[in-house]
Amino acid sequence: MPIFTPIPQDEFVAAVHTLAAKLAADTDWKPDFIIGIGRGGLVPAVFLSHATGLSTLSVDFSSQVKDFADAPLVKLAARTQAGERLLFVDDINDSGRTITHLRRALADAGAVDGAVRFAMLIDNISSAERIDYTARQIDRHVTKDWFVFPWEAVAPAAAIELDATAVPDRIA
1 MPIFTPIPQD
11 EFVAAVHTLA
21 AKLAADTDWK
31 PDFIIGIGRG
41 GLVPAVFLSH
51 ATGLSTLSVD
61 FSSQVKDFAD
71 APLVKLAART
81 QAGERLLFVD
91 DINDSGRTIT
101 HLRRALADAG
111 AVDGAVRFAM
121 LIDNISSAER
131 IDYTARQIDR
141 HVTKDWFVFP
151 WEAVAPAAAI
161 ELDATAVPDR
171 IA
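Note that the sequence shown covers residues 1 to 172 in the UniProt record's numbering.
In case anyone wonders, no lab produced these hints; they're calculated from the structure.
As the structure is a computational prediction, the values presented were derived from the model and not from experiment.
Within a straight-line C-alpha distance of at most 30 Å, the following computed BS3-like cross-link-like pairs (lysine-lysine) qualify:
1) Lys22 x Lys75
2) Lys144 x Lys22
3) Lys30 x Lys75
Sequences and hints are given; from them, build the entire structure.
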């Protein structure tokens with residue numbers, strides 16, 4: 001049975017403010033758009049958009065519906081070729097699978113090196129992928145908790161447990 005750890009709303013908002021401060025402190029790189037990664041990154045992206053004043057776009061990775069996942073990445077890669085910088089936002093960098101997919105798809109579509117970065121509320125330091133900005137770090141070798149973000153807390157308990165156990169390596 002997984003250990004469910006709720007992330008309270010105030011802790012979530014504080015994490016968004018931490019990410020916004022890190023973006024503001026980075027004098028070498030500024031995004032033109034915040035890209036919410038569906039589904040877990042949509043709410044953090046909107047909050048970060050409000051905190052920074054940057055516009056939000058989105059890609060839907062979790063549904064695995066190709067027209068809503070890969071097709072927008074081709075358009076986003078073209079924007080980098082026009083000189084724009086993109087910050088992809090998600091709730092957690094756990095295994096790195098989502099980031100690997102996004103980086104590969106963007107590169108295949110011709111995204112400009114250095115024009116894409118990633119920000120997460122929580123970064124697993126033992127993930128296969130490294131990110132650029134995070135509010136909190138964990139190590140999945142030590143921390144096996146399943147984090148329940150405020151937008152997930154409205155789901156039935158069975159649905160949360162199903163999500164948590166979908167990839168047993170994360171919490172085992």
